[in-house]
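**Student:** One letter stands for each residue in the lines below.
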Amino acid sequence: MAKVLMKGNEAIGEAAIRAGCKNYFAYPITPQSEVAEYLAKRLPEVDGVFLQGESEVAVGYMIFGAAAAGERVMTTSSSPGVSLMGEAISYIAAAQCPAVFVNIMRGGPGLGGILPSQADYFQATKGGGHGDYRLLVFAPDGVQEAVEMTMKAFTLAEKYRGPVMILGDGLIGQMMEPVEFPDDLMTKPSNKDDWATNGMDTRKSNKRNLVKSLFLDPKELNDNNLALKAKYTQMKKEEILYEGYNTDTEYQVLIVSYGTMSRVCKTSIDMMKQEGIEVGLLRPKTLFPFPEEAVFNASTKDCCKAVISIEMSMGQMVEDVERCVKGQREVDFYGECGGDIPTPEKIIEVIKGLL
Amino acid sequence: MGKAFSTPKSMSDNYTHYCPGCTHGIVHRLVAEAIDELGIRGRTVGIAPVGCAVLAYNYFNCDFQEAAHGRAPAMATGMKRVRPDLIVFTYQGDGDLASIGMGEIIHAANRGEKFTVIFINNAIYGMTGGQMAPTTMPGQRATTAPTGRDTDQTGMPIRMANLLGELVTPGYITRQAVLKPGQVKKAKKAIKKAFEYQVEGKCFSFVEVISTCPTNWGLTPLDSLKWAEDTLLPYYELGDYKVPE
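Line by line, the protein sequences give chains A and B. Heads up: the first sequence runs through residues 1 to 355, numbered per my numbering. Heads up: the second sequence runs through residues 1001 to 1245, numbered per my numbering.
Everything labelled a hint here was simulated from the structure, so no lab data went into it. Positions of the beta carbon are idealized from the N, C-alpha and C atoms, including for glycine. Possibly wrong hints are sitting among the right ones.
Said to hold, decoys possible - Which chain B residues stay away from chain A? Per the calculated CB distances, all over 10 Å, these:
(1) P1008
(2) E1037
(3) E1066
(4) R1081
(5) E1104
(6) N1162
(7) L1163
(8) T1169
(9) G1182
(10) K1193
Claimed, not checked - Dumping the calculated DSBU-like pairs for lysine-lysine here, alpha-carbon to alpha-carbon at most 35 Å:
(11) K266(A) <-> K1188(B)
(12) K204(A) <-> K126(A)
(13) K1009(B) <-> K192(A)
(14) K1188(B) <-> K212(A)
Make a model of the complete structure from these sequences and hints.
**Tutor:** Below you can see the structure in the form of C-alpha cells.
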C-alpha cells in the first residue's frame, strides 16, 4: 500500500477504523481534537458511531458501556481529560473489558499548557485511577508507530480483556509524516460469549452475563485482583517492546528515552558519533510492561559508565530506570517540561557533562 | 385454572437485601413484568447504579452491568449507540441520578438517547446510611442534616421529572408512585410504556418513582407510606411531564 502524508491525530483515527473499530466517543481538548474532527467525518462513511460526549467523565463510561457490549471502541484525549477518565479506566480494568485510550500529552499539572509533554508517565503506568490495575501502555515515537500501535492495541485489549493506552505527545499528534496502514494488523474480533453483556439471545448457552467491579466478599475481590495480576505478569512475558540505537558500539553513556524525546536523542547520538563519542539509546516502546531486563543489560555493559533518563517531564520514567539498573550505575536525569522540546545541542551538552 | 400469579421470568429466585417496607422490590417486579410481557428479556441489558440497587443484578434475570456512581446514563449511551438493537435500561436512585449523575442524565435525555431510565426517588441516600439527597424535603432530617434540611444553605429539592420535562428534545418523562395499589398499577403501565417507546426506537424514556425508605426515615413501613403520601406527593406531583407525539 502506498504511503500517505497524514497528521498524527488524523492517522490515529484512521488506524482505529483500519483495525476494525467503528465506535468512537470523545470530548474536545487541545492538542488532539483533530482525531474527533477527522472521525466525525470519516465514521459515518463506514456506518460507524461517532459521539461527542458532554465531558471526559461521561465519555469514559460511554467507552465502558460500548466495551461491555463487546464492541471495539476507542477514545482520545489529552492530559487533563485523561485525568477525568481515570475513574472509568479503573472500572473498565476491574470489570475486564477491552478498550483503547489514547493520550496525546500536553504539559501539566493543572491546566498546564497545550504544547508537547511527557508528564503523564506516572498517570499511565502507575495509576491514574484507583486500585490495583495496570494499563498496557504503548509509546510511539512518530506517526507511523502511532498507527501501528493503535491498530495492535485493539487486538491486545481483547487478548487481555482490559484497557490499553497509547501514550503520545502533542508533537506526534500535530506533525505530518508519511504513513501506511498495514493490513495484517487488522484482526478478527475475539469471541465474547463468556462475558459480554450483549443480550442472552446472542449465546447458545442462554446464560446471562454480568459486567461488574463490586466484590463485597473479600475472597472474591482478592481473586479478581489475582486474575488481573496474572494478566500483567503475562504481559511482562509477552508484550515488552523496545529499540536499541547505537547499542552495538562501545558506548560510554546509555540514554533511556521514549517517544518524541528519543528522536531528538538519536540526532544527538549521530552528532556525537562524528566527534568520536559513542552514546547508546535504549528506547522503551512499551512503558508497561517496561523493558526491565533490556535496561539492566544495556546499562551494565562494561563500556557503559553512566546512564541517563531524558524526558519531557521533571523526572518520571527515571524512577523505573533506577529500579532496573539496580544500583549498578549512577542514573542521571535531564528533562524539560514547559512545552519546549530539548534541542540536540542541549542533550549533547548534558551528555558531555557526564563524561 | 391456570396460575394467577407467579415470579416473572426476568426475576431471579434470590432473596433481596432490601429492608422491610422498602419499595425497591415492587419496582423491580414491575420492570421484570414489563420485560416479560414485551418478550425482550433475551436482548435486554440492565445497568445498576451505586446505591441500594447496586446489587439489582442479583434479582433480575437478564444481562446486567454495574456502573460507577451516577454514570449509568453514560454507560447506557455507549451501549445503545453501538448496539441499537439491544434494550437498555438504567435503574438509579436519587443520590446517584440527581446528585453525582446530574450531568450524565441531563445530557442523555437531551440527546434523546433511546434507552429507559427507572429513577427511584425516596428523598434520601439509602446505602450509605441516610445522608441528605438533592431530593430531601425542607426540614427533613438526614444524618448529614441532623436538624433537618436547611434550604437557605442547600436550596430546594430538585424535581427531576419537571426538570427533564422542560427539555425541548422529545421524550417520555413521567412521575409515578408505588405507595398504594392503584399507584402501583399506574406505575406498571408507565414502565411498560417507557420500554415500548424504546422497542419502537421512538425516544428517551424516564420513569421517576416516588418510593419509601423506612430505615433511613426512621419510620415503620406503614408510617413511611403515609409520610410519603403527605409530604412527598404534594411537592413531587404525579403525572406525565412529557409525552412523545
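**Student:** Now tell me, hint by hint, if it's right for this structure.
**Tutor:** Hints and how they fare:
| no. | hint | verdict |
| --- | --- | --- |
| 1 | P1008 | holds (14 Å) |
| 2 | E1037 | holds (17 Å) |
| 3 | E1066 | violated (4 Å) |
| 4 | R1081 | violated (5 Å) |
| 5 | E1104 | violated (5 Å) |
| 6 | N1162 | holds (21 Å) |
| 7 | L1163 | holds (16 Å) |
| 8 | T1169 | holds (14 Å) |
| 9 | G1182 | holds (33 Å) |
| 10 | K1193 | holds (22 Å) |
| 11 | K266(A) <-> K1188(B) | violated (69 Å) |
| 12 | K204(A) <-> K126(A) | violated (40 Å) |
| 13 | K1009(B) <-> K192(A) | holds (24 Å) |
| 14 | K1188(B) <-> K212(A) | holds (28 Å) |
Checked against the numbered hints above, the structure violates hints 3, 4, 5, 11 and 12; every other hint is satisfied.
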